[in-house]
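Chemist: Quick mapping for you: the protein sequence lines, in order, are chains A and B. Quick note on numbering: numbering that gives the first Met the number 0 labels position 120 of the first sequence as 119, and the sequence is numbered without any gaps. Quick note on numbering: numbering that gives the first Met the number 0 labels position 232 of the second sequence as 231, and the sequence is numbered without any gaps.
Simulated from the structure, these hints should not be mistaken for laboratory data. Honestly, I wouldn't trust all of these hints.
Some but not every residue of chain A turned toward chain B, in silico, with C-beta under 10 Å [to be verified]:
#: 1; residue: 72
#: 2; residue: 80
#: 3; residue: 81
Pulled a few chain A residues facing chain B out of the computed Cβ check, cut under 8 Å [said to hold, decoys possible]:
#: 4; residue: 31
#: 5; residue: 32
#: 6; residue: 58
#: 7; residue: 66
#: 8; residue: 75
#: 9; residue: 78
#: 10; residue: 82
#: 11; residue: 89
#: 12; residue: 90
#: 13; residue: 99
Just so it is clear, CB atoms sit at the ideal spot from N, CA and C, and this is done for glycine as well.
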Amino acid sequence: MTAGALPRSAAHHTRTRTHARRRPVVRPLLVFTLAVILAFFAVIYSRISLDRTAFELQRLDREIAVEQERHWDLRVDYARLQSPDLITQRAAALGLVYPEDRRTIEISGMADTVGGPEDRWMDLRALFVEQP
Amino acid sequence: MARSTFRFGDLRLIAVGLIFVLAWGAIGYKLFRVQGADAAELAQLGFDQRVRHETIQAKRGTIYDRDGLELAVTIHGEALVADPSLVEDPAEAAAILAPIVGADYVELVQRLEADGRFTYIARRLESHTVEEATEAIEAADLAGFSFRSEPLRIYPSGSLAAPVIGITRLDDGTGIEGIESVMDTELGGRPGKRVVERDQAGRAIPQAEFLLEPSVPGSDVVLTLDREIQYAAETALQGGIDRSNALGGSAIVLDVETGEILAMVSLPGFDGSDRTTLDPATLRNRAITDVYEPGSTLKVVTVAGALEEGVVRPDTPFETPQEIEVGEEIYTDHGYNPSVMNVSDIVAQSSNVGTIKIQRQLGNEAHYRYLDAFGLGRPASIDFAGESTGRLDHVTEWNNAAAGPSAAIGYGVGATPLQMAAVYATLANDGEWVEPHVVSEIVDSDGERTVTEPRRHQVVSVDTARTVRTMLRGVVEDGTGFRADIDEFPVGGKTGTSDKFIVETGKYSETETIAWFIGIAPIDDPEIVVAIVLDAPKGTIEGGLYDMKFGGTSAAPIFADIAESTLHQLGVSPTHDSDA
């Protein structure tokens with residue numbers, strides 16, 4: 000006994016069912032693959048960006064350090080130029096001399112408006128405290 | 000035939016196979032060692048090669064004067080170093096570099112010709128010198144030279160107040176003298192730690208750095224010194240030393256109300272920025288380390304004590320012969336004095352005999368109590384390293400009959416110039432002793448300020464202090480201190496001259512003296528005390544009429560110069576007519 004051919008409708012039905020079961024699911028796989036690839040590149044990009052930022056931060060740190068050194072170099076130069084010894088030497092070179100005859104002139108009302116020697120420096124001292 | 004060919008080919012195949020097996024076996028073995036057996040050790044080795052634990056140096060704090068002007072600053076410096084084995088022509092290299100870095104040519108050649116692979120060429124180089132040296136090295140194509148980063152401590156005012164400020168070590172930057180030493184903990188800050196991953200070229204790998212502990216910058220120290228007053232005091236003292244050919248000297252300017260030291264001079268001094276000419280003998284601050292017998296300047300303690308105890312009054316008369324014998328000692332007065340003097344005259348004429356008579360009325364116990372209360376025999380301040388206590392034997396050790404009388408006229412008692420300045424500041428401050436201090440405040444890296452609060456205690460009454468001040472005015476107006484007078488301000492003070500004690504021989508010098516003048520200005524409304532001490536002044540003035548060995552001759556004029564400059568700097572209005 001041999002098997003007879005299936006009726007057309009039944010064969011078609013079977014083929015159709017088989018085809019539907021074996022059809023590759025391409026789109027989700029493609030999407031997943033693309034997502035993985037994108038994520039991979041995103042990680043790499045973010046890593047590179049972080050590195051770039053880190054290099055930039057390093058460069059800025061170096062620049063800050065250089066500027067701070069420059070700031071202190073200038074402060075030292077300024078302090079040296081204010082040295083009484085240097086001022087005296089420069090003044091002598093210019094021909095300035097101490098007065099031999101001194102006369103005190105009192106100006107009325109000045110005592111109330113002019114502060115002591117400390118007051119002149121209050122702003123400067125406050126500035127020094129704020130500086131690094 | 001076929002069998003032989005087969006054998007030969009088989010052997011070659013076997014040989015090749017064996018080679019492959021051995022090669023792969025070796026690779027496999029190595030792989031096993033690297034990835035398996037030795038993996039941990041090798042991983043650690045690699046980690047150690049690229050990861051380093053580094054110390055982050057804390058920036059040392061700055062020392063300011065009272066007006067916020069830098070007296071000591073740390074900046075970035077460089078050291079020029081060399082590997083002598085790589086230097087081809089030491090003579091040529093030395094000729095190029097010596098003038099730039101300020102080194103000695105011959106010494107530099109010797110260093111570059113020496114064995115070894117490391118030598119310093121110059122240290123503490125500032126940026127402009129580094130640039131100049133770099134250009135010279137590149138232009139001459141000199142091999143074996145490089146720079147090393149190191150902190151550089153700068154003293155912008157040079158030698159100004161150097162013995163007070165002190166210096167730091169070149170290698171680790173710690174303070175070794177003066178304020179740099181006393182305030183080293185505060186100035187030094189706290190170093191930090193970090194882990195750094197570096198590539199083959201030694202560059203730090205970004206994102207591979209871990210800060211374990213940040214460094215804390217050192218605090219800034221604000222001193223009470225005023226740079227202009229300090230300069231005026233140094234100039235005046237140097238002038239006085241030159242005039243009197245003294246071995247050295249010291250000067251102190253004290254604010255009587257606050258105890259702030261406005262100037263402190265010790266000469267000869269040094270420049271902390273220039274180590275090539277540094278003489279260790281000049282490092283000490285004579286104003287706090289050197290102990291002298293204060294001579295007649297100490298008579299004010301005897302008189303103040305006697306007045307306070309009510310045993311004498313300013314007009315109490317005393318018979319004052321030219322000499323007086325106490326125990327085995329005979330005390331004499333210099334020059335001719337009247338046979339009867341009151342207490343004011345005794346102070347004005349600096350009579351030894353009269354002062355000893357006052358001391359006898361006061362008694363040893365009370366006398367010692369006042370010497371102690373005026374701060375003698377213990378350090379005057381906590382701001383100085385190595386400050387001497389001076390010498391004040393307890394009254395129970397005054398066994399010799401002459402001990403009390405000697406102490407009354409400033410012998411047998413040792414005091415530093417700072418201690419004596421504090422004695423006079425007490426009288427100027429209406430009898431209240433205020434601890435002299437040079438540190439005004441400490442400002443930490445967060446801006447927190449710690450202000451110095453000096454110790455205070457009342458020694459004598461306001462009336463006693465004012466009475467003694469009146470007597471001190473008499474010393475300048477009519478007594479031994481007339482050279483201390485100033486046109487624009489009324490001043491008072493006391494001269495003192497003591498024979499110099501020679502430690503090596505254990506005897507007093509017959510030729511050398513210690514000359515003092517300590518004064519108050521203005522005497523009617525005191526602002527400052529100025530103490531002057533000269534070590535072994537010599538010579539004469541006014542055609543040999545006056546000997547420079549006396550305090551009134553050599554030290555008093557220095558007081559006048561310093562007091563006048565200081566009062567001008569402080570903005571004190573003159574109370575005398577300058578045309579008078």
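Chemist: Next step is simple, just say for each hint if it's right about the structure.
Modeler: Going down the list of hints, with the structure as the test:
1. For residue 72 of chain A, the interface hint holds, since its Cβ comes within 10 Å of a Cβ in chain B; the closest pair sits about 6 Å apart.
2. Hint on residue 80 of chain A holds. Least Cβ distance to chain B is approximately 9 Å, under the 10 Å limit.
3. Checking residue 81 of chain A against chain B: minimum C-beta separation of about 6 Å stays under 10 Å; hint holds.
4. Hint on residue 31 of chain A is violated. Least Cβ distance to chain B is approximately 30 Å, over the 8 Å limit.
5. Annotation: interface hint on residue 32 of chain A violated; nearest CB of chain B at approximately 30 Å, more than 8 Å.
6. Hint on residue 58 of chain A is violated. Least Cβ distance to chain B is approximately 10 Å, over the 8 Å limit.
7. Taking 8 Å as the C-beta contact cut-off toward chain B, the hint placing residue 66 of chain A at the interface is violated, the least distance being around 12 Å.
8. The criterion of a C-beta within 8 Å of any C-beta in chain B is met by residue 75 of chain A, whose closest approach is roughly 5 Å, and the hint holds.
9. Here the hint on residue 78 of chain A is kept, as its CB sits about 3 Å from the closest CB of chain B, short of 8 Å.
10. Residue-level restraint check for residue 82 of chain A holds (minimum Cβ-Cβ distance to chain B is 5 Å; threshold 8 Å).
11. A least Cβ separation of about 14 Å between residue 89 of chain A and chain B goes past the 8 Å threshold, and the interface hint is therefore violated.
12. Because the beta carbon of residue 90 of chain A sits about 13 Å from the nearest beta carbon in chain B, more than 8 Å, this interface hint is broken.
13. A least Cβ separation of about 12 Å between residue 99 of chain A and chain B goes past the 8 Å threshold, and the interface hint is therefore violated.
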